[in-house]
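J.: The residues making up each chain are set out below.
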Amino acid sequence: MAIVGNRESPMKPRMLRGNREKSVQDASPFPDTVLPPESFRQMFVALDLPPDGHPIVGVTSAIRGEGRTMVALGLAHTLAGDLAGPVTLVELDGEHPTLATLFGLPASPGLFDVLRGSEHPVEDITHRVADNLFVVPAGACGEDGIGLLCRLPGHNPFEQTVARRGAVILDLPPILAYSYTSLAASLADAVLLVVRAGVTPIEMVREAAARLDVSCPRGVVFNGASAPTGPRASGRKL
Amino acid sequence: MRRYLDTFQRLWFIVLVPILVLPIASVLWARSQPTKQAVTANIWVDQTSARLVGNGNPYITASGTVSSYFTELLRTSSFDLSAARAAPLYWRPLAHRPNAKDLVQADLSKQVQAQSGGANLVTLTYQTTAGAAGKQLLRSVLREAAHHISGYYQQGLLKNKTALEAQLKQTRSQLATASTHLSAYLTKHQLTPQDVPSQELADPHLQALTQAVQSNQSSVKGYQQQIATLSGASALSGAFRVVDKPAAAASATSKKAQILPLGIGVLLGLLLGLGFLVARTAMDQTLHFADEVPMLLNLPVLAVVPYNRGLRTKAPRQARQAKAVVPAAPSKSAEKAG
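Respectively, the protein sequence lines represent chains P and H.
For any residue, its number in our numbering is found by taking its place in the first sequence, counting from 1, and adding 182.
For any residue, its number in our numbering is found by taking its place in the second sequence, counting from 1, and adding 26.
Possibly wrong hints are sitting among the right ones.
Unchecked claim - Some chain H residues well away from chain P (every beta-carbon gap over 10 Å; in silico):
hint : residue
1    : W70
2    : A189
3    : V292
Stated by the list, open to error - Derived, one-sided and incomplete: chain P residues facing chain H with beta-carbon distance under 7 Å:
hint : residue
4    : S221
5    : Q224
6    : M225
7    : A379
8    : V381
9    : I384
10   : R388
11   : A391
12   : G401
13   : V402
14   : V403
15   : F404
16   : N405
17   : G406
Unchecked claim - Derived Cβ-Cβ restraints for the label pairs, each shown as a range:
hint : chain 1 : residue 1 : chain 2 : residue 2 : range
18   : P       : S361      : H       : A305      : 31 to 41 Å
19   : P       : V396      : H       : A305      : 29 to 39 Å
20   : P       : A266      : H       : V43       : 50 to 60 Å
Source of the hints: derived by calculation from the structure; they are not laboratory data.
Quick caveat: nothing in here was measured; it's all calculated off a predicted structure.
Each residue gets a CB set at the ideal place from its N, CA and C atoms; glycine is no exception.
Please model the entire structure based on the sequences and the hints provided.
T.: So this is what it looks like as structure tokens:
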């Protein structure tokens with residue numbers, strides 16, 4: 183039985199057809215309940231990051247609609263179950279925030295409020311949504327929201343918390359939509375570029391890949407493939 | 027090839043619709059067309075008349091002569107127009123058209139065929155979709171043709187008679203000359219006409235003169251007989267008679283005519299369907315297979331997330347319409363090298 187959160191209805195998760203109602207506590211907006219968790223484990227293993235460290239993994243895409251947030255959610259949920267330390271999913275897409283509505287969290291305060299200099303401590307914007315899994319919503323983006331992203335490399339609000347928190351998954355905005363995405367991505371130890379089959383033109387993906395830091399490990403997550411995964415197409419380590 | 031198969035898998039309905047629909051539509055269209063009917067009439071040709079007006083060629087039969095008269099008449103626009111006007115059912119839809127004359131001539135010259143069957147029988151066939159109008163038209167053609175062909179006959183008889191009379195005159199002149207020579211010879215040798223039979227055996231010259239006179243006399247008689255016969259034939263009222271009145275029968279369509287619409291439909295459907303498949307695949311600039319990523323982007327594929335219908339959103343349409351909002355930035359490696 184699988185239950186997927188409904189982005190249009192912020193109050194409660196939507197049920198898939200044919201399933202009986204479950205309580206909100208048992209609702210699962212995570213895609214790895216309908217997609218194999220092994221896909222997300224493959225991503226993490228392929229990045230070749232130390233499992234006992236405190237990695238920061240950025241998830242981005244060339245344009246919207248490629249499944250960036252779904253991959254970040256699935257990866258965070260899977261790692262939360264597999265890793266010893268806590269996993270924090272940070273939403274950096276201020277223009278189209280979804281995590282607050284997905285988990286029924288208050289939309290504000292969020293990350294952009296903290297970057298703007300509000301008095302809310304980081305702990306106030308970090309919400310526990312499942313075992314070992316924490317979510318930081320984007321908060322109120324405002325007109326200056328995108329510009330705040332360029333402050334991230336110099337003012338990382340999670341610097342003190344990473345050492346204690348464990349792995350961090352950054353749900354970055356699309357690269358071609360905002361120039362500062364590549365700046366925000368520089369925070370990450372590794373970046374996943376989500377590409378959706380049959381959607382994004384090759385030139386756009388090429389442009390997005392070119393904007394990523396070549397010194398940072400990066401790879402492609404091919405989303406929506408019609409053929410099953412094969413040894414050649416998946417599981418490559420950097 | 028794989029990309030074509032992938033496109034077909036996603037859009038098989040659009041590809042197959044023209045391949046299936048067009049042949050069916052073309053067959054239905056062909057069946058909906060009005061069936062052509064063949065209106066035929068058989069006529070009997072008077073052999074004597076035809077022989078008299080013929081040019082003496084023993085290989086041209088009477089029916090062949092009349093058949094060629096019909097063909098010549100049907101190519102004449104005035105004949106076609108008068109025959110059409112005398113058939114109201116046929117003429118009514120054409121009467122108000124400015125190019126009615128050309129239409130009628132084109133129709134009759136191409137669709138009416140006169141064929142000879144045997145020495146005396148000619149069959150007229152008219153291919154049309156309107157049986158009743160076709161029968162009326164064919165009757166009108168036969169009536170008009172009867173007048174014209176009688177006229178041809180009269181002309182032919184007159185022409186032959188004139189030629190015969192000229193030859194008769196010439197032969198008479200030769201006879202007169204031969205008779206004068208014979209008389210002179212008889213006078214010279216003091217012979218009488220009664221002495222000719224007994225003397226000609228001993229006298230070769232007398233024999234030759236006598237034979238010349240006799241030959242010319244028989245030629246004159248022959249020409250006179252032919253002229254008399256032709257004079258008697260000019261009173262003939264008709265050159266042919268209709269033995270089978272015009273009757274319509276559905277003309278059997280050839281196998282080729284049955285298969286052609288289906289073939290065209292299949293060909294057109296294949297062109298459209300496969301053309302769409304090829305064009306769509308060629309225009310598709312997106313990635314469809316994971317192994318294309320390393321080749322085109324020079325990046326490794328870390329994982330492949332299989333397609334799940336339950337997670338499908340409206341985003342793909344928005345994604346296709348998205349455009350890069352900022353110009354291309356130089357790559358960071360180029361910056362670091364600089």
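J.: Against this structure, judge whether each hint is valid.
T.: Right, here's what the structure says about each hint:
no.	hint	result
1	W70	holds, 79 Å
2	A189	holds, 92 Å
3	V292	holds, 30 Å
4	S221	holds, 5 Å
5	Q224	holds, 4 Å
6	M225	holds, 4 Å
7	A379	holds, 6 Å
8	V381	holds, 5 Å
9	I384	holds, 5 Å
10	R388	holds, 6 Å
11	A391	holds, 5 Å
12	G401	holds, 4 Å
13	V402	holds, 5 Å
14	V403	holds, 5 Å
15	F404	holds, 4 Å
16	N405	holds, 5 Å
17	G406	holds, 5 Å
18	P:S361 to H:A305: 31 to 41 Å	holds, 36 Å
19	P:V396 to H:A305: 29 to 39 Å	holds, 37 Å
20	P:A266 to H:V43: 50 to 60 Å	holds, 57 Å
Hint check: no violations occur; every hint is consistent with the structure.
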